[in-house]
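Student: If you're matching them up, the sequences are chains G and W in order.
Per my numbering, residue -4 is the first one in the first sequence, and the count goes up by one each step.
Per my numbering, residue -4 is the first one in the second sequence, and the count goes up by one each step.
Please keep in mind that the hints were generated in silico from the structure rather than gathered at the bench.
Each computed DSS-like pair below joins lysine-lysine, with the alpha-carbon atoms no more than 27 Å apart: (1) G/K350 - W/K79; (2) W/K20 - W/K131; (3) G/K257 - G/K174; (4) G/K133 - W/K131; (5) W/K131 - W/K79; (6) G/K131 - W/K131.
Sample of chain W residues at the chain G side, in silico, Cβ under 8 Å: (7) E44; (8) G239; (9) Q317; (10) S323.
Glycine residues also receive a C-beta, built at the ideal position from the N, C-alpha and C atoms.
Number of protein chains: 2
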Amino acid sequence: MNIAFSSEEFANRVSRVQAEMSVHKLDALLVTSPPNFRYFSGFDSQFWESPTRPWFFIIPAEGDCIAVVPEIGAPLLQGSWIGKTLSWPAPRPSDEGVTLLSDTLLSLPRRHGRIGMEMGRESVIRMPVNDLFLLKDKLGSVDLVDGSPCIWNVRAIKSSGEVEYIRQSCTIVSDAFDKLPAHARCGQTELAISRALSVDIIAGGAHALPFMAAASGPGGYEQIISRPSDRVIENGDVLIIDVGATVNGYFCDFDRNFGFGKVDDDALRANEAIWDATEAAFAISRPGTKVSELWKAMMGVLEPAGMLRNNVGRLGHGLGLQLTEPPSHMPTDDTVLREGMVITIEPGMEYAPGKMLVHEENIHITSSGPEILTRRAPREMVIINN
Amino acid sequence: MNIAFSSEEFANRVSRVQAEMSVHKLDALLVTSPPNFRYFSGFDSQFWESPTRPWFFIIPAEGDCIAVVPEIGAPLLQGSWIGKTLSWPAPRPSDEGVTLLSDTLLSLPRRHGRIGMEMGRESVIRMPVNDLFLLKDKLGSVDLVDGSPCIWNVRAIKSSGEVEYIRQSCTIVSDAFDKLPAHARCGQTELAISRALSVDIIAGGAHALPFMAAASGPGGYEQIISRPSDRVIENGDVLIIDVGATVNGYFCDFDRNFGFGKVDDDALRANEAIWDATEAAFAISRPGTKVSELWKAMMGVLEPAGMLRNNVGRLGHGLGLQLTEPPSHMPTDDTVLREGMVITIEPGMEYAPGKMLVHEENIHITSSGPEILTRRAPREMVIINN
Chain G
-4 MNIAFSSEEF ANRVSRVQAE MSVHKLDALL VTSPPNFRYF SGFDSQFWES PTRPWFFIIP
56 AEGDCIAVVP EIGAPLLQGS WIGKTLSWPA PRPSDEGVTL LSDTLLSLPR RHGRIGMEMG
116 RESVIRMPVN DLFLLKDKLG SVDLVDGSPC IWNVRAIKSS GEVEYIRQSC TIVSDAFDKL
176 PAHARCGQTE LAISRALSVD IIAGGAHALP FMAAASGPGG YEQIISRPSD RVIENGDVLI
236 IDVGATVNGY FCDFDRNFGF GKVDDDALRA NEAIWDATEA AFAISRPGTK VSELWKAMMG
296 VLEPAGMLRN NVGRLGHGLG LQLTEPPSHM PTDDTVLREG MVITIEPGME YAPGKMLVHE
356 ENIHITSSGP EILTRRAPRE MVIINN
Chain W
-4 MNIAFSSEEF ANRVSRVQAE MSVHKLDALL VTSPPNFRYF SGFDSQFWES PTRPWFFIIP
56 AEGDCIAVVP EIGAPLLQGS WIGKTLSWPA PRPSDEGVTL LSDTLLSLPR RHGRIGMEMG
116 RESVIRMPVN DLFLLKDKLG SVDLVDGSPC IWNVRAIKSS GEVEYIRQSC TIVSDAFDKL
176 PAHARCGQTE LAISRALSVD IIAGGAHALP FMAAASGPGG YEQIISRPSD RVIENGDVLI
236 IDVGATVNGY FCDFDRNFGF GKVDDDALRA NEAIWDATEA AFAISRPGTK VSELWKAMMG
296 VLEPAGMLRN NVGRLGHGLG LQLTEPPSHM PTDDTVLREG MVITIEPGME YAPGKMLVHE
356 ENIHITSSGP EILTRRAPRE MVIINN
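Generate the whole structure from the sequences, applying the supplied hints.
Tutor: Structure, rendered in structure tokens:
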């Protein structure tokens, strides 16, 4: 199996989360979702696409972690740094690991009678709800409580190794975007242009390409989340492609806008405004700044530039093993930036009815300010005249 | 937005699930997971990679469906065939759609006081557990119950359009596998060979490549789910690559084994045995056969051929909008094959300690027997002597 980090890095993650667990009075933390399973175990697989078998990872208050996994996964985890790997013959719909899991949890030292799970904001569990209820019953007086704040607090601060993989992912996608003007032209579909970009991203070394969205229209677009469509690009269109590619599971998440032929002046001016908004955010992106202040700084540029609205609902977010992670750059999020965070800066606006433009870069918060991980977009929209 | 099916197809899916809901006495079905949201709504996006915002789809016992989605998604769904789209300004961590959702559910006609959710086998919900508990509270005397059997019963039978997309996906990946012997050679890593295959799959027209696993070793491998590693292929190795690529969301899921140089005779014989096992399954793959009988037919070939064990736990499964869907070809699954099902036939065995071989094809159950959707692998292992 690919293990992208040293055993020390995993030990460090575990000891940091154990410190959080102590504050939250948890006897153990039970993890089931792919990104958290990967973060604590190092397990690198896309087998999550098969929903048949749950996978469980237990971090006790003290001591070694325990993986409780279906037999198909045991050979991979038994050879790793993890303290103990237990497995059951799966699929076994009559008891898909729940008894083995509850027996293991009940065998741990009990102090607070509380086990944390991924229950809160931006967290989901990867096990059937029926099995969650069954687990609750089997645990009796031991409570299942929300452990997600512990996890997010630890994952928010990236190690140098994590930042390096995000940097590599940003570089691979930046290289692929740089090649786009040479192959894209009016008359092609969003899908054809995006496909050529995808090939460059995979050939360039990305391990996976879990997210690509595209949208286009005269002078802007209406949304930014749909898969590339069969819409044919015409003179005057702006095409956005937004990419989340990974290296060792670590995402980049940024978009680029391309104009085709004669693009309306209003669109060009709006594009410069959203670029200026990223600059306003960069200028204060340092430890101690609240993400609500990033939002305010960007809005200070967007509103005078004629912003009508923005259905995205925030102007950037955290980035790492997931395409989006907390925090959210919005007025109600007062998360304070700390050294080692990686975030997106993503101003966007509808500058005319039905015409939206969004710009996005990825940055790493260092003591001396932001390190821009993406290859900086130019202020003037790139125009393709092929 | 890409809509891969006619409005009639969606209306048909909804009326079939409404018939199941009537049997299960459900006033509504609430769907949150990406494949089910897509199946009933047609929504085609990889935005699921962002965990920030839940998406809800409501199928009432009678009448039009209702999408309850974050504002970022409203433009896409409002233009579609769906009866009504409601949205809330998101992210809004203090109430991420739960009040709008519960108000909408409570406004529906009440007959049984039961709302189905994805709670059972091979099902997960895509909303925080805390919000599920909040929803339960808000619904008061209306019970949330398991609605997943209704959904799986409907999804199990594929329409001709669904089969066509799986067929296309199988063809694209078959073409890419056919090119592999021309570019792969000893001395390359699993990763390099898999990357070239990935490029061919994307360039060949796959919309996404959510799953690729690879493993290699002298005469076989120990597991089949890890991402391609940096292991260098040597003379005598067998390399397996297992691929789940999609067209309009519909997966293929099959693997191919490649020998390099002088492969041990035992491995070659074992490869012929697993091929023979697929033939034994094909011979009885028709409406009326139980999947436990498919398992038995394959075991009748594998055991005499020297099978030690098989950590995969089953010998094939359903296929469609997910890499794996029910049923599971194993002794305890007596699901009866019906016309329109698409399944994998996936015999595998450890034929010597630490040496596993797995073979997989995808078939469509028709009244006249199996239609093999993958380009049939040869009985003799393909040997690469580059």
